[in-house]
Amino acid sequence: MQAIKKEQIDLLRKEILGLQGLGVKPANNAVSVALGALLKNMPGRVFPTGVVHEFLSPDRTAFAAATGFISALLNNFIGTERYCIWVSRQGHIFPPGLKAFGINPEQIIFIDAGSEKEALWIIEESLKCATLGAVIGELQELSFSHSRRLQLAVEKSKVTGFIHRLYPRNIQPSACVARWQIKPARSQNKNHFPGIGFPAWDIELLKIRNGQPGHWQLTWQHNRFQMTHHDTPDISLSLSQNSTA
Amino acid sequence: MNRYLSIWFPHLYTDTYARQQPAYQNMLFVMTTSERGRMVIQAANQQAESEGIHVGMALADARAIFSNLTVVETATTQQQNLLLPLAEWCLRFSPDIAIDPPDGLLLNISGCPHLWGNETLYLKEIISKLQTKGYDVRAAIADSVGTAWAVARYGVAHSIIPSGKQKEALCDLPPEALRISKALAEKLHKLGLYTIGRFIDIARPTLARRFGQEILLRIDQALANAPEYLNPIRPVPPFEERLPCMEAIRSAKGIEIAIQQLLKKLCHRLFLANKGLRSAVLTCHRVDNDRQQISIHTGRASRNEAHLFQLLALKIPSLRPDLGFEMFLLEATITEKLTAVQERLWHSSEADNSAVAELLDKIAGKAGLRKIHRYLPEARYWPEYSFREAAGLQEKPAMQWPANPSRPVCLLPQPEKIAVSVPLPDYPPLLFHYKGKAFRIVKADGPERIEREWWTDEGLYRDYYCVEDESGARYWLFRSGHFDDEQSAWYLHGFFA
Chain A
1 MQAIKKEQID LLRKEILGLQ GLGVKPANNA VSVALGALLK NMPGRVFPTG
51 VVHEFLSPDR TAFAAATGFI SALLNNFIGT ERYCIWVSRQ GHIFPPGLKA
101 FGINPEQIIF IDAGSEKEAL WIIEESLKCA TLGAVIGELQ ELSFSHSRRL
151 QLAVEKSKVT GFIHRLYPRN IQPSACVARW QIKPARSQNK NHFPGIGFPA
201 WDIELLKIRN GQPGHWQLTW QHNRFQMTHH DTPDISLSLS QNSTA
Chain B
1 MNRYLSIWFP HLYTDTYARQ QPAYQNMLFV MTTSERGRMV IQAANQQAES
51 EGIHVGMALA DARAIFSNLT VVETATTQQQ NLLLPLAEWC LRFSPDIAID
101 PPDGLLLNIS GCPHLWGNET LYLKEIISKL QTKGYDVRAA IADSVGTAWA
151 VARYGVAHSI IPSGKQKEAL CDLPPEALRI SKALAEKLHK LGLYTIGRFI
201 DIARPTLARR FGQEILLRID QALANAPEYL NPIRPVPPFE ERLPCMEAIR
251 SAKGIEIAIQ QLLKKLCHRL FLANKGLRSA VLTCHRVDND RQQISIHTGR
301 ASRNEAHLFQ LLALKIPSLR PDLGFEMFLL EATITEKLTA VQERLWHSSE
351 ADNSAVAELL DKIAGKAGLR KIHRYLPEAR YWPEYSFREA AGLQEKPAMQ
401 WPANPSRPVC LLPQPEKIAV SVPLPDYPPL LFHYKGKAFR IVKADGPERI
451 EREWWTDEGL YRDYYCVEDE SGARYWLFRS GHFDDEQSAW YLHGFFA
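Sequences listed follow chains A and B, in order.
Just so you know, this note's numbering puts 190 at position 190 of the first sequence, and the rest follows in order with no gaps.
Just so you know, this note's numbering puts 464 at position 464 of the second sequence, and the rest follows in order with no gaps.
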């Protein structure tokens, strides 16, 4: 009896997700993101695709960290064939640096938007193009009505959008499914190895529809995410030269 | 079969002058220039001619006929300058137009009149439009330039010579109608050959012996036996569609409908020619002779009506119809070969790309083509030169992107100067100040020396360090030049993820 009830509830939950524009995607279009423990907090234990994610970056270093995190996610969306549109405002992305996150920079089409208004228009038009892998838009402000427009666009096309806000001023409620804040974290080195380790991030999921907000520490190594283990004590200062070490 | 229209403006100078100076309309006046010390009439308007004043008469004689004559003195008149705007205005009726000095225009109207119904309506439209502008016009349509020219000047005004009836039309006209030299015409008159009919049937060798080759050529041209080519004011574009409107169009909706109709025709023609357009120009002729253009460009050859319409529709707001547009002209300025693509059952990457290309066209139309970038790797070490812009969506990288973890994700367009404290030469800094804040460095990698491309670029090399501060933020710093060099300085160049 209990089992049947649980099954019924799960079914109804899925139906509700579908009505909210978070439906499970058709099989040939499925994107699975291996985010490990983070997925526990996601609706239906899958990374929401075909929706708009919002990233807040209060400063340049957070911006670079979030750019790295998005690039690492992007890998799952564009594969080796699809294109991605990256609407940049003042990000100054360095294409050769993206290769380290497992994506081919030539699959990204960068568009320098002159103004916020133009950027919004380009992002919305791009989100309507169903054949794109993903759309990344750098903005400063995103009002509720704008986020609603973007959400409506992706509900039709099932493209995943990442809105990256640098220096956000007023943080209003938005129609985006998730709101993230990524900060750089101290990189970890195995066995007290000197120098800088793998990119590490302090990931805060501030808000997620039908899920649980959370806070994690992730590392990007060997082309996948790994939870940061704090078993190794921090090395306070290790000034060393690669050549001589 | 070609059809030609000859338009003659018998009072071109005076009509143009009266258009510029409305006070002279409906007024008897002549235009004079001084010639060998006396004033000679250069042009006389219709009223003056009906009083018996004609061109070439001395002003004193004309004054004797009509005492209160209004005289306008002119410098040497430039026919070309008067005719060119008229010819350009006539482009709405035919794409192939030549100037026929001193006072006429020649139009190759093959394939045009049916757009206005038939030749009668077409001719009527042109004449009435020119007459409302204030020009005295005589025109004729015929199979050959020669006959149209002759009938317009010497025959019944506004007549249409049916195909193949040139000879009948010419018979009653004087020999001057054949566009022969003045001397030859006088000679023919002296011999009593007052009309073309009197000598057109004379055996060709006889005519040639008596009057030279010129007359034979002119007869052949008039009868459409010898070719005659127009020298068009503008080369005829191969892919052009025109849409004249019955009423001036002022609304955006109306313009949209016009664009859709033009695109339908143009795309069909492109389809037949196996071509696609790369760039197109829509010219809108306004009622007050103003012309407005919008142009579109596509990233790859296209003849997709819906897509091209979207591109043009984006630019409709830039048009200023004011009183309304009376004609639309759509020209494919650049075309490329585009073979038909078979419809695919599944979404393949090729199909994907075309949707992306169409999206990019739309963005390029709104924001500009220069804002769209796609990058490919370049085999150079200097960070700013390590990638280059791709030529298009199709270009594949010639080499692999180097998967170098010591390259940042964000690179400042200009390295920014920082103040550092370095414990030892060639060591990474312990501390750096950037924008008024101090960053204490905890971990560091480096240096990685990157030399300038000395064969093109002179300057200091850079020693790059990847550093991490207490909060975990990672930066790309460099010292330019040798550490004990006076010019050496520290810069922040990028941010790692």
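Note that these hints are calculated values from the structure, not bench results.
Heads up, a few of these hints could be off.
[What the hints assert, rightly or not] Which bits of chain A does chain B cover? Going by a derived footprint, with three or more residues having C-beta under 8 Å, they are:
(1) 90 to 102
(2) 118 to 127
(3) 174 to 186
[Claimed, not checked] Just some of the chain A residues that point at chain B, by a computed CB distance under 8 Å:
(4) 60
(5) 64
(6) 68
(7) 105
(8) 111
(9) 113
(10) 132
(11) 144
(12) 191
(13) 192
(14) 193
(15) 196
(16) 200
(17) 211
(18) 214
(19) 216
Idealized CB from N, CA, C, for every residue including glycine.
Here is how each hint holds up against the structure:
| no. | hint | result |
| --- | --- | --- |
| 1 | 90 to 102 | holds (count 11) |
| 2 | 118 to 127 | holds (count 5) |
| 3 | 174 to 186 | holds (count 4) |
| 4 | 60 | holds, 6 Å |
| 5 | 64 | holds, 4 Å |
| 6 | 68 | holds, 2 Å |
| 7 | 105 | holds, 6 Å |
| 8 | 111 | holds, 5 Å |
| 9 | 113 | holds, 7 Å |
| 10 | 132 | holds, 6 Å |
| 11 | 144 | violated, 24 Å |
| 12 | 191 | violated, 15 Å |
| 13 | 192 | violated, 12 Å |
| 14 | 193 | violated, 10 Å |
| 15 | 196 | holds, 5 Å |
| 16 | 200 | holds, 7 Å |
| 17 | 211 | violated, 24 Å |
| 18 | 214 | violated, 19 Å |
| 19 | 216 | violated, 14 Å |
Hints 11, 12, 13, 14, 17, 18 and 19 from the list above are not met by this structure, while the remaining hints are.
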